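Peer 1: Residue-level listing of the chains:
There are 2 protein chains.
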Amino acid sequence: MTGPLIIALDAMGGDFGPAVVVPGAGISAVRHPGIRYIMFGDEAAIRAEVDKQPSLAGRVEIVHTTHVISSDAKPSQAIRRGKGSSMWLALEAVREGRAAVAVSAGNTGALMALYRLLLKPLGDIERPAIAAIWPTVRAESIVLDVGANIGASSKQLCDFALLGSGMARALFHIERPSVGLLNVGVEEIKGADEVKEAHALLRGAQGLPFDYHGYVEGDDIGAGTVDVIVVEGFAGNIALKTAEGTARQIGTWLREAMTGSTLSKMGALLAQGGFRALKRKMDPRRVNGGTFLGHNGVAIKSHGGTDALGFASAVDLGYDMASQGLIERLAADLKAFHGTLQVPLPAPPSAAADGARGS
Amino acid sequence: MTGPLIIALDAMGGDFGPAVVVPGAGISAVRHPGIRYIMFGDEAAIRAEVDKQPSLAGRVEIVHTTHVISSDAKPSQAIRRGKGSSMWLALEAVREGRAAVAVSAGNTGALMALYRLLLKPLGDIERPAIAAIWPTVRAESIVLDVGANIGASSKQLCDFALLGSGMARALFHIERPSVGLLNVGVEEIKGADEVKEAHALLRGAQGLPFDYHGYVEGDDIGAGTVDVIVVEGFAGNIALKTAEGTARQIGTWLREAMTGSTLSKMGALLAQGGFRALKRKMDPRRVNGGTFLGHNGVAIKSHGGTDALGFASAVDLGYDMASQGLIERLAADLKAFHGTLQVPLPAPPSAAADGARGS
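As you go down the protein sequences, you meet chains A and B in turn. For the first sequence, the working numbering assigns the number 91 to the initial residue and increments by one for each residue that follows. For the second sequence, the working numbering assigns the number 91 to the initial residue and increments by one for each residue that follows.
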């Protein structure tokens with residue numbers, strides 16, 4: 091908050107590159123006078139866009155590169171051949187402390203691979219997660235993992251609980267966020283073994299920096315039952331996409347219903363203020379941005395197809411987390427946290443925190 | 091269609107027992123003149139309700155029992171102590187051919203346990219699935235498994251594809267339903283190994299009784315991209331509940347938006363015909379009923395808290411499937427199907443079809 095906060099942008103990421111990234115950065119620059127940018131990519135293309143944004147005057151450093159990771163590159167290709175690309179350089183700026191957070195609308199898999207490659211794990215975190223902000227009837231919740239990994243051990247689920255609660259604290263300013271484990275409702279099958287184990291671990295742990303609520307089900311997400319929902323990445327990704335699809339489906343039905351008769355059309359016209367309010371709530375650009383958590387730095391993945399307003403949401407998200415000192419808090423939480431979890435762990439990690447950097 | 095079709099009802103299941111089950115049966119009896127019922131449960135309570143329903147006159151046989159499986163009974167308890175209960179007797183009637191389908195609003199876990207205990211697997215099906223009917227912008231799709239099991243092998247996912255396509259054929263009258271495997275979108279992690287294996291099996295199979303579409307994502311469900319969506323039960327249950335929660339959430343937002351100002355209220359009043367149409371589309375009672383598939387008989391699980399209209403949907407569903415000869419078709423499909431899958435199976439089952447009745 092005091093002094094500038096520098097955000098590294100992969101200016102070439104996404105479907106539109108600088109034509110969306112730069113205007114998006116301009117919108118966030120108006121909202122947050124403390125923001126400065128380092129933009130990585132084609133200097134001429136970036137410069138042309140920057141010059142159109144008065145809010146960016148004197149606040150942008152451009153680092154030229156023509157190397158871009160393509161949207162269909164595999165993670166392994168990104169690792170082998172991505173050095174010097176706009177995405178790589180943005181993450182490197184975070185690693186070297188020249189930027190507080192990196193934002194990219196590029197290839198998710200490549201970004202995750204480079205995030206893991208270039209930034210060190212926090213504490214004994216085995217795997218990073220992607221956290222999504224989920225609008226609810228109460229406010230907003232955080233759901234993780236929405237697709238960084240397939241499957242998660244009980245230890246990893248506990249890690250996600252901690253990472254998510256740290257993010258909730260930074261973003262929602264809730265001192266003790268409530269955390270739920272996503273599970274299925276049928277009593278007798280009650281989830282995979284890892285989920286049951288994580289439940290037992292969290293129930294038994296003392297001194298957690300959050301309130302463990304217990305199991306939640308899919309419909310608890312939209313209801314806002316808890317601040318943080320923990321789930322492994324396969325089911326988490328499916329839940330997220332299914333909710334997006336359901337929202338789109340109901341939007342279609344609503345439009346059909348409001349254009350089905352002259353009376354409905356007139357009514358919809360009269361109620362247009364209400365519909366605008368609804369549309370704002372359902373606007374996916376409002377909560378654009380998957381947050382990569384677990385390594386020593388924050389990276390935000392914007393939707394590749396979003397517009398400047400959507401990209402600005404992703405930048406805002408990164409700004410909020412960095413300005414709240416998320417990483418420092420997470421590092422401190424992790425230290426305290428794993429002490430509390432050691433006892434009941436079925437197979438406690440034998441290596442020291444620093445040695446457990448696997449994947 | 092010709093001649094009566096007998097439906098076995100667990101009259102004591104659900105939150106309200108005969109007070110909902112019997113009026114629900116009455117509604118379906120009006121819609122389907124061929125329906126007859128055997129109702130299992132407390133004779134006096136059932137009789138009192140039946141007497142209120144003119145449509146049921148002369149079409150109900152009551153089998154008295156006071157033994158009821160409680161809503162919190164564990165599956166193991168249902169198996170050990172459920173004999174002679176209303177739920178048990180309803181499934182037994184299906185096994186013995188006295189009824190074409192059983193419908194219960196009772197405990198899901200108990201019903202699944204008894205379904206597996208009392209009815210034999212079809213062909214070499216290893217595990218039954220629960221299939222849900224999912225309203226989409228196109229029409230309706232079938233999603234399975236929505237919670238019978240946690241996890242599924244590639245072979246089991248292929249089985250679900252077959253079971254779901256058979257159900258789609260019987261219910262939607264589509265000769266070759268399209269089938270998709272639910273997966274996550276990020277290219278490089280592309281799902282669990284079982285999902286990848288099932289994908290390879292289905293891609294390579296010849297002569298399938300459905301069109302294998304390939305992977306779909308969560309937002310394809312509501313879009314109606316395919317007729318049948320295959321997923322293991324943990325993620326499937328979470329997807330279903332998440333969609334229900336999202337629909338409820340948007341309904342809340344819509345109500346708020348339409349009552350936020352006088353103009354909006356007036357508009358909503360004018361457009362009430364449109365809102366009614368929307369409400370009908372979103373009414374969960376319209377698609378009430380999880381279908382248990384995979385053993386030699388159909389059982390339908392109604393929501394426990396539904397009303398008579400919702401229970402009637404579950405009965406209608408059972409009627410449709412039985413009157414279309416679903417089980418006979420599935421048995422025939424399974425025979426043909428597993429021939430086509432043998433070749434590319436990574437570990438082909440060594441036992442004959444009948445010997446593979448596991449778990």
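Hints should not be assumed to be uniformly reliable.
Treat identical chains as interchangeable: a pair holds within one or across any two.
[As the list claims (entries may be wrong)] In the BS3-like style, the derived pairs of lysine-lysine whose C-alpha atoms are separated by at most 30 Å in a straight line are: (1) Lys355 / Lys369; (2) Lys210 / Lys164; (3) Lys286 / Lys164; (4) Lys355 / Lys371; (5) Lys286 / Lys425; (6) Lys286 / Lys369; (7) Lys142 / Lys164; (8) Lys142 / Lys355; (9) Lys210 / Lys425; (10) Lys173 / Lys210; (11) Lys164 / Lys425; (12) Lys142 / Lys425; (13) Lys355 / Lys173; (14) Lys371 / Lys210; (15) Lys142 / Lys210; (16) Lys369 / Lys425.
Keep in mind the hints are simulated off the structure, nothing from the lab. What you are looking at is a predicted structure, and each value in this text was computed from that prediction instead of being measured.
Peer 1: Checking each numbered hint in turn, tell me which of them this model violates, lowest number first.
Peer 2: 6, 7, 8, 11, 12, 13, 14, 15, 16
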